[in-house]
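If you want the building blocks of each chain, they are given just below.
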Amino acid sequence: MSRLATTAESLALPLLALGGGLLLFGGFVWLGGHSPLQAWALLFRGAFGDAFSLQNTLVRAAPLMLTALAVALPARAGLTVIGGEGALVLGGLAAATLPLALPLPAGAPGTALLLLAAALAGGAWIALAGWLRQWRGVNETISSLLLGYIAIALFKHFVEGPLRDPASLNKPSTLPLEESLRIGTIAFGETVTDVHWGLAFGMVACVLAAAWLGLTTHGFATRVVGGNPRAARLVGLPATRLIVVACALGGAAAGVAGGIEVAAVHTAANASLIVGLGYTGILVSFVARHQPLAIIPVSILFGGFLAAGSLLQRRMGLPDASVQVLMGFCFVLILASEALRGRLGELFVLRRAPVGAPVGARA
Amino acid sequence: MTAGGSGLPWLDVLVAVLGGAIRVGTPFLFVSLGECITEKAGRINLGLEGVLVFSAMAGFAGSYLTGAWWAGVLLAAASGALIALVHALVCSLPRVNDIAAGIAIMLLGAGLAFYLGKPLIQPQAEQVPSIPLGLWLGAAPQSALAAAMNINALFPIGVVLAVLLAWGLKHTGWGLKARMVGDSADAARALGTSVTAVRVAATTAGGAIAGLGGASLSLYFPGSWNEALSSGQGLIAVALVIFARWHPLRCLAAALLFGGAGALGPALQSVGVSGYYYLFNAVPYLLTLAILVWTCSPRRSLAGAPAELGVSR
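These protein sequence lines map, in sequence, to chains S and W. Every position in the first sequence, counted from 1, becomes a number in the numbering used here once 2 is added. Every position in the second sequence, counted from 1, becomes a number in the numbering used here once 18 is added.
Check each hint, because a few of them may be wrong.
[As the list claims (entries may be wrong)] Just a sample of chain S residues kept apart from chain W, beta carbon distances all over 10 angstroms, derived:
no.: 1; residue: TRP32
no.: 2; residue: GLY51
no.: 3; residue: GLY330
[Claimed, not checked] Covered stretches of chain W, as calculated for chain S (at least 3 residues, CB under 8 angstroms):
no.: 4; segment: 105-119
no.: 5; segment: 295-309
[Stated by the list, open to error] One-sided excerpt, in silico: chain S residues whose CB lies under 10 angstroms from chain W:
no.: 6; residue: SER145
no.: 7; residue: ILE152
no.: 8; residue: LEU156
no.: 9; residue: PHE157
no.: 10; residue: PRO321
no.: 11; residue: SER324
No lab work stands behind these hints: they were computed from the structure. Positions of the beta carbon are idealized from the N, C-alpha and C atoms, including for glycine.
Given these sequences and hints, build the entire structure.
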């Protein structure tokens, strides 16, 4: 198949699967006695309908870009890691705790140190899953998810125990970050938006990841290890080191997502951080076929669905899990659509007679 | 626990952990048996976590709507089979990775359960009865031991199922077929057995068994439906099958071990050790991880592992 046709197919398959997911979701709400047309319209309006919802969408897309990288980068090294949620909460905890541990410079340098701590915490967590696989052959999907549960337990222990701000009564939180360390919103001249700079960090991280994978020798070696472990062994690539580095980079991205959520949105580490951004990131990465550049638009799409969830809840009385159902349908169809790869054309072309067969031979 | 405490806190903890081994371990038992036959046929179902949550919701709904706990249990098994069937069919498509499909089923099962289970969070449903094994064995009524030995009526079913599966996999024609498909798909094809059909059947049956674990969660312990009902029990059970080396009877032992570990946090809290509540609740995850590190090896495949399986690598 030509390169152009391959690219077209890589775009068409996920789009078909997403369309199928929306269709199934419509059928599902219809079974419950709701109008699918209204659900689709609200999904669109809540995601991209006006300036307010668009900004809401972008705010939600920012952490998704980073948690999707936590799946995509290890995936390019051949690992299915799904522990982004754990790396995110630990990153958030590290960012919220650092000012208690050391005196930080005020302003941007201090914020940079916060995010660095978040990256280290998240990176170490996912690197552990990669290393366990290389060292002991422990399945990284299971271990990373178990590590995620352990991370959440650690997070709750510290936030509700030793690190709890005594002033946080109803919702246990750590001490809030001081004003100068927080991440502000993006402004274009006079126009101030609700979108914080985390969005820019997410996009830059995706571009850097794409550059690393596509343009550097190290990234190329990582892709060889992921694509053909046998070839990698034959040419003597240090597979363990490359895999652990890819996991650490992915985990660092998810950790930064947690740090940004704390520094830009919640101002302290609390349970608001544990809302499944890591799990949505898994879906985003699979839809984007683990391509860092494709993660940017896919994150915005799914950020939009998340933003539209509350509108579905308010206007149609659908449960808050309706977006999760939609995402579940999309996920199953995205995987199933792989079966059509290389055969998509056959769906639209009538079967031709075999070359050289005489006309009417089948009679 | 306070009613019949013996005055010795550590003894109370021990009795509570023993009782908890059965109470908390029953869902582990069913999910691990379900995963065991799925994996024996050469496929992994990480989606059993989603199956567990969905069947817990369905079982609760069945019991709540009909007023009969056994109807809830049957509905849980049927819905578990249904979700597992989706996984089995998706995995049967070419180029679909069963680990990735399992993740998708995990999210889909939980999403559907939260959506459909929204009206079920408040009400009470008819519960699975308990068997007063402690009283039968002569423990004093109201004592801690009698309370700990009040066991879930589903647990004996699980034990019988484990024995039956162990026997059936070894001695029956379908058991041999399932193991053959799991050990060498090529050999199965050469003998004219449809690999896909056997795997779909095994995965679906495994989902039905795991569904009983869901019923045990929502209709016995904790005995209500909410969105935090399962936090990774289904996934722990998948890891537990590796620890049990794919043998149903060893799954029973492993499930009891993990049940005891899961009961440790609440048991310690009941005697006043509460500062580390979350950390003690994380013990089953840590234990699972430690056991995986201990049993797995990159250089050899595990004894008893189905050769077609990727997870033991």
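Verification of the hints:
no., hint, verdict
1, TRP32, "14 angstroms, holds"
2, GLY51, "23 angstroms, holds"
3, GLY330, "3 angstroms, violated"
4, 105-119, "holds (count 9)"
5, 295-309, "holds (count 9)"
6, SER145, "6 angstroms, holds"
7, ILE152, "5 angstroms, holds"
8, LEU156, "7 angstroms, holds"
9, PHE157, "8 angstroms, holds"
10, PRO321, "4 angstroms, holds"
11, SER324, "6 angstroms, holds"
Consistency with the previously given hints fails for number 3 only.
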